[in-house]
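**Student:** Just so you know, the protein sequences line up as chains P and E, in that order. 343 is the number that full-length UniProt numbering gives the last residue of the first sequence; the numbers go up by one with no jumps. 506 is the number that full-length UniProt numbering gives the last residue of the second sequence; the numbers go up by one with no jumps.
Hints listed in this document are in silico derivations from the structure and should not be mistaken for laboratory results. Treat the hints loosely; a few may be bogus.
[What the hints assert, rightly or not] Going by beta-carbon spacing under 7 Å, a handful of chain E positions derived as facing chain P:
1. D251
2. A334
3. L365
Backbone N, C-alpha and C fix where the C-beta goes; we use that ideal spot for every residue, glycine too.
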Amino acid sequence: MSQPDTNIAGNGATEPGPRRQQTGSWLSDRLGSFGPVLGLVVLCIAGTLLNGDFATFDNLTNVLTRTAFIGIIAVGMCFVIILGGIDLSVGSMAALIAGCVIMFINWASPALGSPLLAVLLGAGLAVVLGAAFGFIHGVLIAKGRIEPFIVTLGTLGIFRAYLTYFADGGALTLGNDLADLYAPVYYGSALGIPVPVWIFLLVALVGGLILNKTAFGRYVQAIGSNEAVARYAAVDVDRIKILTYMLLGICVGIATLLYVPRLGSASPTTGLLWELEAIASVIVGGAALKGGQGSIAGTVVGAILLSVISNILNLTSIISVYLNPAVQGFVIIIVAFLQKGRR
Amino acid sequence: MSGTVDDRSGVAVAFDGIVKRFGAVEVLHGVSFSLEPGRVYGLLGENGAGKSTLMKILAGYEAPSAGSVHIDGEPVIFKSSRDAEAHGIVLIHQEFNLAEDLSVAGNIFLGHEKTKGWFLDERAMQAGAVTALRQVGLDIDPSTPVRRLIVAEKQLVEIAKAISRRARLLIMDEPTATLTPSEAARLFTLIARMREEGVTVIYISHKLDEVERITDEVIVMRDGRFVGRAPTPTITRHAMATMMVGREIADQFPTRLAVDESRGPAMRVSGMSVPGWAQDASFAVRPGEILGFAGLVGAGRTELFEGILGLRPASGAIELQGRAVKLGSLRDAAKHGLTYLSEDRKGKGLHVDFALGPNLTLMALERYAKPWLDPSAEKQALDRAVHEFGIRAGSLSVKASSLSGGNQQKLALAKVLHPEPKVVVLDEPTRGVDVGAKREIYFLIHRLAQQGLAVIVISSELIELIGLAHRVAVMRAGRIVATLSGDELTEEIMIAHATGTRHVAA
């Protein structure tokens, strides 16, 4: 018998196995964190080569300003996805909040006699409404034990339908003088950087701090990684879930209060497909769809990467601009597929 | 003994240097032994000895990392359990592999459906199922959905399924864990009959009396290695146990210390009922005392404590440190100084994708958040725990999943003790842990008790309870039927209470 031979051959064949696996996971880990940055750099180079206007300061601040809405929502979405949840309603929620804020400001300005106070309260209302909607999501998901997918699919329909109802199928528009008063929140800038970009930066920093430096952030990761283990470790799972969805709601509120002065109106197409873009940003940024891991920095890069793609599509004519959501759809599916391979 | 080989002869198996690794952890280190056809083999070894992994390799569920399996002298490589089935090798799992919503006949022919043209031939399958069921002595309608069967019947369906696939080698992993004595007796008759027909049977069990009763030969594994074999009539139960553990049983455990009887109980539970699982359970545990809970699978031990800890609806009174408390969740329990180590380490005990530090501090994280988490304090806590609990890890920044079972368990223990509880409930604290680590965990539990912690140990390993506990409460069908101590702490007495074959006024 050739027993010793098979033994040695067997050992020889399998010995490098674990080692190769380790380098493999090391490589994919690195790819996971640097991949998006690398992609962004490549896209920027490609953009510059394709169109001279791409690398101008104006274009880049424009890209970043437009990224701000989605980016701010994506920061909140990052928490929800790390928690192991999902929120499909953010686009509709933004639209409904925008509509409510516009109605409120239009009503409050004459009622209170102070346009400025009306705008300030309206901006505050956006955040409060976002928190309230998030709270409802959280309670239904945590206490009602309904799948987050179903809850937010339901509210996706509900929020947009109510906006359409309030707008009577058309658009809700801010009064002209009020729109002028509110405009600097979107169009203004400090130190040459537009206000929305500053706020995006601030939200991302605070988000990163909460995720990495607080017990709450650790609990969010623990629940997403394995909810049963977290529950058995005496973590107040329900409370953390509710707070996480509220956090996303607040992010949507902030994004909306920046968005309202941009057009000064809300219509049934406001915030359409924002959920796709926000979720795609988080996933491109390296978060695991199954929950447990993800990073705010990655999410920010992911959001910028997606708007750079759409910007390049705008500036060039390689692919029709109408196909932009398709590109995002392809990206999200491809990245999710690559994630599967990594496990 | 009858080694007669007839037409439907059993399978001869030879393992040759089988090595199995899961990631960086090697669980089988070159196992070699052979089995003759038509005999019943008892495969012995403690939890974590590698028995189940080896059997999964034989049945095609896992591929060996190195080494080879020979069937009837030919080297084989099974790509799936179907390949193994084609050679007549069938593994009956500890957890059954039945599709609950399909009928008995549907399960028996699952993956091997009989067809007539494009359609299923239900009539032929019904008839085939009846024949197979008759062979195992189960008299049920084959169109019954499996979910309506009781556990013992499901087991017989599994065996009928194996028979209908013309099994020539049957592997049974702890088949009697969920059976009553009379159901088990029926199973033994069936095994004897199969042996007579020439089928090879590999029987894995912790119950040495059963092994003594029905096997021809015992094979012992320890820590992923083959350590010895002997014809069953020539070896005593004590010798089997010693071979499994690798040292005299007495050396495996620390010397028991007396409990300070003057101190009031750290926890007292009275009239605890968990609907469907436990009725009217009362017990108390003092500081420094180790109270064991014994019982068969399904006796309601884990469920009783889940009820106490607020994980299931329950009624009854709980006192901690002499104060009546209401526990609505594990969080409440932890606040009152009671923590729980789940029997399901990977599912409920540890975040295997997390590093060691976050696992350790999770239950007491508030202590490290002021309000920002303090990584250096967490690091110090980890260093201390690694030292105190003897956790061996290549580096302290690795994920918990890369630790061996024993070290994961030590980390899980350190985690539930991190909030500094007064009472700790340890559910199967040495499950899936090698013998060396077991001993370390026993000494650890002993030291904790010595420091004044009240410890409750739920365990299915009677030897463990005998070696460790001051008193053992035995549960049967949801009730505490006896609380044993001193000379009453023997395997025989505990099994008698657990199975109800002894009637003592409780």
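**Student:** Provide an ascending list of the numbers of those earlier hints which the structure does not satisfy.
**Tutor:** 1
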